[in-house]
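Asker: Protein chains in written order, with this note's numbering: chain A, 553 to 664; chain L, 328 to 440.
Bear in mind the hints are in silico, worked out from the structure with no lab data behind them.
Just so you know, not all the hints are guaranteed correct.
Derived BS3-like pairs: lysine-lysine, alpha-carbon spacing no greater than 27 Å straight-line [said to hold, decoys possible]:
#1 L:K364 to A:K588
#2 L:K369 to A:K619
#3 L:K385 to A:K571
#4 A:K574 to L:K385
#5 L:K385 to L:K364
#6 A:K574 to L:K427
#7 L:K385 to L:K398
#8 A:K604 to A:K623
#9 A:K604 to L:K427
#10 A:K592 to A:K623
Since this is a predicted model, take the numbers as computed values, not measurements.
The residues making up each chain are set out below.
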Amino acid sequence: DTAVSQTPKYLVTQMGNDKSIKCEQNLGHDTMYWYKQDSKKFLKIMFSYNNKELIINETVPNRFSPKSPDKAHLNLHINSLELGDSAVYFCASRLADYNEQFFGPGTRLTVL
Amino acid sequence: GENVEQHPSTLSVQEGDSAVIKCTYSDSASNYFPWYKQELGKGPQLIIDIRSNVGEKKDQRIAVTLNKTAKHFSLHITETQPEDSAVYFCAASIDQGAQKLVFGQGTRLTINP
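Just need the whole structure built from these sequences, with the hints factored in.
Answerer: Given below as structure tokens:
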């Protein structure tokens, strides 16, 4: 299936731990995004990469570090997890010159 | 920066009736306005979008209108069906470069059979 995929789908961890979420798209897109959706469903952009280059970097704590090893992958590493990091994280991708962003199924992160 | 306000936060309509969701934006430079539908447990999916050089766009039962002067845009769903039940998000961005979407707060639409 052509799509944006994320792993894991669910992630439960303790405060202070370090965790990573992976995203892959096989749509041939060149721009990828990370969004955070909080408990009230508010959706906010965190980062964007275009051809492995960081192009959007919102006011996100530096405990969050995105990494793009190639155009098809954008991973999110989070250090020293805090309770407030609990949310659903969505990856999305887009082909430059086209508007539609395609979203992955989300990763629900719960920090205990 | 851009700020998008969306109303109502919840909307319940009878099957077959119409539903309207409204958004306002603050940055006059924004020129691209998509609407996304998010079903339970899934990621948002684009359902319709409009650019600022167009006042209205329609796709079957869904239409979007844009008033650039007033900086507001609306989603209209006619002949609603149970499968239209979902959370709907409006967004605004500048249609170039990185396309940084700023989303509204979302509207939970429930279609009652």
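Asker: If any of the earlier hints don't hold here, list their numbers in rising order.
Answerer: 3, 4, 10
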